[in-house]
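Visitor: Protein chains in written order, with our numbering: chain A, 1 to 60; chain B, 1 to 151; chain C, 1 to 86; chain D, 1 to 246.
Simulated from the structure, these hints should not be mistaken for laboratory data.
Heads up, the beta-carbon is just placed ideally off N, CA and C, and yes, glycines get one too.
Be aware that a few hints might be false.
[Said to hold, decoys possible] Think about it this way: if two alpha-carbon atoms lie no more than 30 Å apart in a straight line, the pair counts; the simulated BS3-like pairs of lysine-lysine are:
id, chain 1, residue 1, chain 2, residue 2
1, C, Lys85, C, Lys74
2, D, Lys242, C, Lys74
3, D, Lys242, C, Lys85
[Claimed, not checked] Cβ-Cβ distance ranges computed for the label pairs, FRET-style:
id, chain 1, residue 1, chain 2, residue 2, range
4, B, Ala19, D, Leu185, 52 to 62 Å
5, B, Leu7, D, Trp8, 43 to 53 Å
6, C, Gln84, A, Thr58, 52 to 62 Å
7, B, Arg118, A, Ala41, 17 to 27 Å
8, D, Leu182, A, Ala41, 23 to 33 Å
9, C, Gln84, B, Leu7, 52 to 62 Å
10, B, Gly15, D, Arg4, 44 to 54 Å
11, A, Leu25, D, Pro162, 41 to 51 Å
12, C, Gln84, D, Leu9, 42 to 52 Å
13, B, Thr26, D, Glu167, 26 to 36 Å
14, A, Thr58, D, Ala24, 57 to 67 Å
15, C, Ile6, D, Ala18, 19 to 29 Å
16, C, Ile6, D, Ala24, 14 to 24 Å
17, A, Ala15, B, Pro116, 18 to 28 Å
[Said to hold, decoys possible] The following residues of chain B were derived to be distant from chain C, with all beta-carbon distances above 12 Å:
id, residue
18, Ala58
19, Leu75
20, Pro89
21, Ala92
22, Gly115
23, Ala128
24, Arg139
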Amino acid sequence: MTRRTALLAAAELLAWWAALAVLWLFLISTVYTLEFVVGIAAAGLGALAACAARRAVTGW
Amino acid sequence: MVNGWTLAATVGLAGGLGAALWGVATGPLRRRVVAQNLATALACPGMLLLAQGYGRPAYLDVGVVLALLGPVGTLVFARLLAEELAEDPPRAWVATWTVAALGAITVIALCVATGPGRAMAKLLVIGALLIGGNVVASRALSGGFGRVGRG
Amino acid sequence: MADAVIVVALLLVAASATVAVATRDPARQALVLSVLGVVLAVLFTVLQAPDVGLSQLAVGSALTPLLLMLTVRKVRRCGRDEEQKR
Amino acid sequence: MSRRVRLWLVLTGGAGLAVLLVAACLNLPSFGGDRHPYGDRAVRASIARHTANVVSSVNFDQRAFDTLGEMTILFGAVLGCVMLLRQTRDEHRARPEPAEVAPPVRRYALLVLPVALVTGIYVIAHGQLSPGGGFQGGVVAATALHLLYLGADYRALERIRPLGVYEVGDALAASSYVVLGLAGLLGSTTFLANSLLPYGTFNTLSSGGTVPLLNAAVGMEVACAVVLLLARFLDQAVEIEKENGE
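Okay, chain A solo, but in the shape it has when bound (with noise of 0.2 Å):
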């Protein structure tokens, strides 16, 4: 993996991170640090997920 791929897939990891959060956000009816805790931590797995499936599919 060169220096631009693994750039380029840590840039599509936090996209995704935090259009996921965004979406958490849209959720919930209202806003706490605990609520805030787990959706950054779904979000991230979300995101996980979304990288790998990405991944799997078109094959880098």
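Start from chain A and add chains B, C and D according to the hints.
Guide: Here is chains B, C and D on its own, set in the frame of chain A:
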């Protein structure tokens, strides 16, 4: 408790799901799969209207799950019935876009009633998932899966 | 009048369940079954039981059709292999 | 038994069942009345333990032992399926062929997979607050993974689905439910008693004592069990073939 929202939901569910049931019970396979797709596309706006009519935002979660998994169910049929559908592909763009428009009108009306905020964003996400999902599922039914061997 | 939506949902459930029983071909039956799942979820929601409605949707909209259609595919493929052997 | 006798047997049995059902219905309380003795008690107990969703309180607190039974039934059923649908000696595995999928369908699958996964986790995490819970969310999350089979092919799904991890997860989640039940014995004399943790602030993720933990255990168990179940069905439908040379 009767209000405009529940009334609209009653009329929509009775007409829409009744028609979908008729479509899925009779006719060739290509008509049945389209009716199955439209059943979820019509039921989801009905659920959103019911949530508004009952005044319980928590019921929106049923709509979220339906908007996510309904099109996935149609993809299951499109994928595993691909051979039979390839011989006689469904062409139902008029019905698909009509139902999508109904869903969009429902979501917009609910957004106007809700007012700006995160609740409105949730409604918009549901609407996007529902309409996008059903259009893609419709595309998948009419030749979305090419040659499927053993896979 | 407030019960109209409950009556509608009950009638839809009765009709789609009857159709599901009356359909013979398993693939078409799975299609009817998935519509029945959606209708049942509507019935549970109008009876103020969204938890049960969510369970019904989660299981009935994608999981049950997938299990049924995979089984249909396996049975059909076995039948085709048997024919080829003859 | 001749056809005639069987018909009579069905008719007699059906008529008996119909009479019993009608008799039972006549004694039911009328539809939608305002007296709910069980409902009132369940709501009171649920609010006393700071659980906003009464159904979750009934499932994971007041009747947590029943849920343990239900979870065990699912565990046993999946175990039975895994045993029955395993690869036998006269079968071999063939490589699954890639499917041709239209680009919009593939993009949709890749986009909705993480969204459905996060929604599943949301439904599990908010089980004690809003409609939903471990079972519903677990099924949604497990279904999300299989979008990769629908939108691509079985090989792509196999790449992100290490079955051993899900087997371990299934067993761990099921046993952690029992461990939480045994931990209930520490503070009281009852198995699965909700007396271990503070009840927390009403209508937050940490409210309800052990309810959110049991909810999460069931969610993980159901998600892993559904993945394992579907894996066996997919193996049979896609990969496993009878040996030709027998």
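Visitor: Evaluate each hint against the coordinates.
Guide: Outcome of the hint check:
Straight-line distance between C-alpha atoms of Lys85 (chain C) and Lys74 (chain C) comes to about 17 Å, which keeps the hinted pair within the 30 Å bound. The straight-line distance between the Cα atoms of Lys242 (chain D) and Lys74 (chain C) is roughly 11 Å, inside the 30 Å bound, and the hint therefore holds. Simply put, Lys242 (chain D) and Lys85 (chain C) have alpha-carbon atoms about 12 Å apart, close enough for the 30 Å limit, and the pair holds. Against the hinted window of 52 to 62 Å, the Cβ-Cβ separation of Ala19 (chain B) and Leu185 (chain D) comes to about 56 Å, which satisfies the hint.
For Leu7 (chain B) and Trp8 (chain D), the Cβ-Cβ distance of about 49 Å falls inside the hinted range of 43 to 53 Å, so the restraint holds. For the pair Gln84 (chain C) and Thr58 (chain A), the beta carbons lie near 36 Å from each other, so the given range of 52 to 62 Å is not met. Taken as a hint, the range 17 to 27 Å holds for the pair Arg118 (chain B) and Ala41 (chain A), whose Cβ atoms sit roughly 20 Å apart. Checking the proposed 23 to 33 Å range against Leu182 (chain D) and Ala41 (chain A) shows it holds: the Cβ atoms sit about 27 Å from each other.
Between Gln84 (chain C) and Leu7 (chain B) the Cβ separation comes to about 59 Å, which falls inside the hinted range of 52 to 62 Å. A hinted range of 44 to 54 Å holds for the C-beta pair Gly15 (chain B) and Arg4 (chain D), which are about 46 Å apart. At about 31 Å, the beta-carbon gap between Leu25 (chain A) and Pro162 (chain D) misses the expected band of 41 to 51 Å. Checking the proposed 42 to 52 Å range against Gln84 (chain C) and Leu9 (chain D) shows it holds: the Cβ atoms sit about 43 Å from each other.
One distance hint, 26 to 36 Å for the beta-carbon pair Thr26 (chain B) and Glu167 (chain D), is violated here, with the actual separation near 44 Å. As the Cβ distance of Thr58 (chain A) to Ala24 (chain D) is approximately 60 Å, the hint placing it in 57 to 67 Å holds. The hinted range of 19 to 29 Å is satisfied by Ile6 (chain C) and Ala18 (chain D), whose Cβ atoms lie roughly 23 Å apart. The supplied range of 14 to 24 Å is met by Ile6 (chain C) and Ala24 (chain D), whose beta-carbon atoms lie about 20 Å from each other.
Take Ala15 (chain A) and Pro116 (chain B): their Cβ atoms lie about 25 Å apart, and the range 18 to 28 Å holds. For Ala58 (chain B), the condition that its CB be more than 12 Å from all CB atoms of chain C is violated, with the nearest at approximately 7 Å. The non-interface label for Leu75 (chain B) is inconsistent with chain C: the shortest C-beta to C-beta separation is roughly 8 Å, within 12 Å. Every C-beta of chain C lies more than 12 Å from that of Pro89 (chain B), the closest at about 16 Å, which supports listing it as non-interface.
A cut-off of 12 Å between C-beta atoms confirms that Ala92 (chain B) is not in contact with chain C; the least separation is 14 Å. For Gly115 (chain B), the shortest C-beta to C-beta distance to chain C comes to about 23 Å, beyond the 12 Å cut-off, and the non-interface label holds. Consistency note on Ala128 (chain B): stated as away from chain C, and its beta-carbon is indeed over 12 Å from all of that chain's, at 18 Å minimum. Separation of Arg139 (chain B) from chain C is adequate, the least Cβ-Cβ distance of about 18 Å exceeding the 12 Å criterion.
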